[in-house]
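Line by line, the protein sequences give chains A and B.
Here the first sequence is numbered in this note's numbering, starting from 1 and rising by one per residue.
Here the second sequence is numbered in this note's numbering, starting from 1001 and rising by one per residue.
Take a look, some chain B residues computed to stay more than 10 angstroms from chain A by CB distance:
#1 Ile-1064
#2 Thr-1070
#3 Thr-1073
#4 Glu-1076
#5 Ala-1115
A few chain B residues facing chain A, derived, Cβ under 10 angstroms:
#6 Leu-1014
#7 Pro-1057
#8 Lys-1087
#9 Thr-1089
#10 Glu-1118
#11 Val-1120
Computed beta-carbon distance windows for the label pairs:
#12 Ile-1064/B - Pro-144/A: 27 to 33 angstroms
#13 Ala-21/A - Pro-1004/B: 40 to 46 angstroms
#14 Gly-69/A - Asn-1003/B: 43 to 49 angstroms
#15 Asp-54/A - Ser-1085/B: 24 to 30 angstroms
#16 Leu-55/A - Ala-1047/B: 52 to 58 angstroms
I should point out that these hints are in silico values taken from the structure, not numbers from a laboratory.
The beta-carbon is built from N, C-alpha and C at its ideal position, and this holds for glycine as well.
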Amino acid sequence: MATLAELTVAEELTALREIAADRGWTFTALDPLRFHLGFPASDKSMFYLLVACDLYPVQPPAWHWCNAGATRTDQLSDRPKGSGFLHQNGVICAPWNRLAYKSIDARGPHGDWAIGDWQKNSHTGGCTSLAHMALRIYVELNGPRYNRGRLG
Amino acid sequence: MENPGELEKIETQLDDALAGLKAAKVLEAEAEHEVEEALHELHELKAHEILLKIATPKGLFVGIFRESTTVATVIETVVEKKDLSRKDTFELVHGETVLQPVSRTLESFGLKRKADLELVAQGSGV
Chain A
1 MATLAELTVA
11 EELTALREIA
21 ADRGWTFTAL
31 DPLRFHLGFP
41 ASDKSMFYLL
51 VACDLYPVQP
61 PAWHWCNAGA
71 TRTDQLSDRP
81 KGSGFLHQNG
91 VICAPWNRLA
101 YKSIDARGPH
111 GDWAIGDWQK
121 NSHTGGCTSL
131 AHMALRIYVE
141 LNGPRYNRGR
151 LG
Chain B
1001 MENPGELEKI
1011 ETQLDDALAG
1021 LKAAKVLEAE
1031 AEHEVEEALH
1041 ELHELKAHEI
1051 LLKIATPKGL
1061 FVGIFRESTT
1071 VATVIETVVE
1081 KKDLSRKDTF
1091 ELVHGETVLQ
1101 PVSRTLESFG
1111 LKRKADLELV
1121 AQGSGV
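Chain B on its own, in the form it takes in the complex (with noise of 0.2 angstroms):
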């Protein structure tokens, strides 16, 4: 580069891009949440059904199930809809409890109507 006032000028500029590209990510987020809600909201649950609201490492997952649902049915529907990685075991967990054997339902653990749990990779601790 020949004038190196224009490059500066020019990295400015894509450092401003890459910035707002950031921000712009981060607000369709938001708006994709509060629509996703939004929507939820409205709709009325069934009888034994019940709304999820799961914090996954690809964000939130808001999803509406039987209560009769399995746990390992609720974790394989997740791990689809967020893609991720089908080489990781993960687990759900509520509060203290971590939703284990998967084979139980969401019911058998005390879940109704509504609640909000995490969604994490086996074995990634000490």
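Chain A with its partners taken away, still in its complex shape (with noise of 0.2 angstroms):
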């Protein structure tokens, strides 16, 4: 029987699907709850995410910078260089990002957020669902925070 998570995933999903589609990112589903996403920053170099869905939408999804093939993640050579959203540690900075909670990842910049409020923190915005935050991500990656290159 499909989990709330699998259906809600499922469903966010078709928008994240059509946006890809036009726009020439790559989409990957990789089960039911991970999906593989890949899009261009400013400098066309091609950035790449692995994410994580468990548990959502009580918790947010993970996104893992990772390689094109999907084979490793949270790597230096993965992680754009930035700041703010685009953090020096290597992690989205955003309530969305199961990552950015310190209690979660010890990359987490915020140990002062609650992870079960991610939908009502302020940061979020209506920053609440999957196609949503690929968006933010996509517009980050091509707005001033990005310092065009990578961690490592």
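Assembly of the complex is requested from the two constituent chains, each provided in isolation within its own frame, with the hints serving as guidance.
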């Protein structure tokens, strides 16, 4: 029987697939709770994310920077160099990223956020669906907080 | 349930049905998108009109606006058509440019004839 997380992910991925197909992003569903996404930054270099959605939407997804083949995650060479949102610790700094929580990941910049309240966190704004999160990352990779390069 | 085998069979059928539903939704969205695009390609843009293809949290929005339309009006239209939450404040982004202030017109940002934009909620990051 499908879980709440699987049903939610399946529903929300419809919008994301449509955007990815139109914009030429890469998108691969790895299983009902994980997908691989790639898109270009402002310098035309490609960045990839492996997204784990277990416990979603009770908890936010984990957005791991990874390589094109999704065979490794969280390597310096796969993480964009930036500031703020594109945190120097190598994680996306937003309440809708599970890795931003220090209680979950040692690199998480925030020990002051409660993961169960991620949708109510004022920094989440309206970013409460997978397509919206992906769009925000794309916009940031093409905005001033991306320092055109990689951490390693 | 008296027969565990029967229960397992029903669960498998339910899983198959859900998978089928998911696939159908994807195909439906793709078909809608293709039809929408085809219609707009057939539509000949009039002078001072612009074709906008906007990636939104609820998928693609394609529409034709006058180049003198304000960004605020575009955002309002897309929020309404895509049934996005009116509680959120959205911003339109074109490449590296956030289209602000929203009182400015599309043409004032150099947008003409056709453009790909992104609609995202303000403050959705740190």
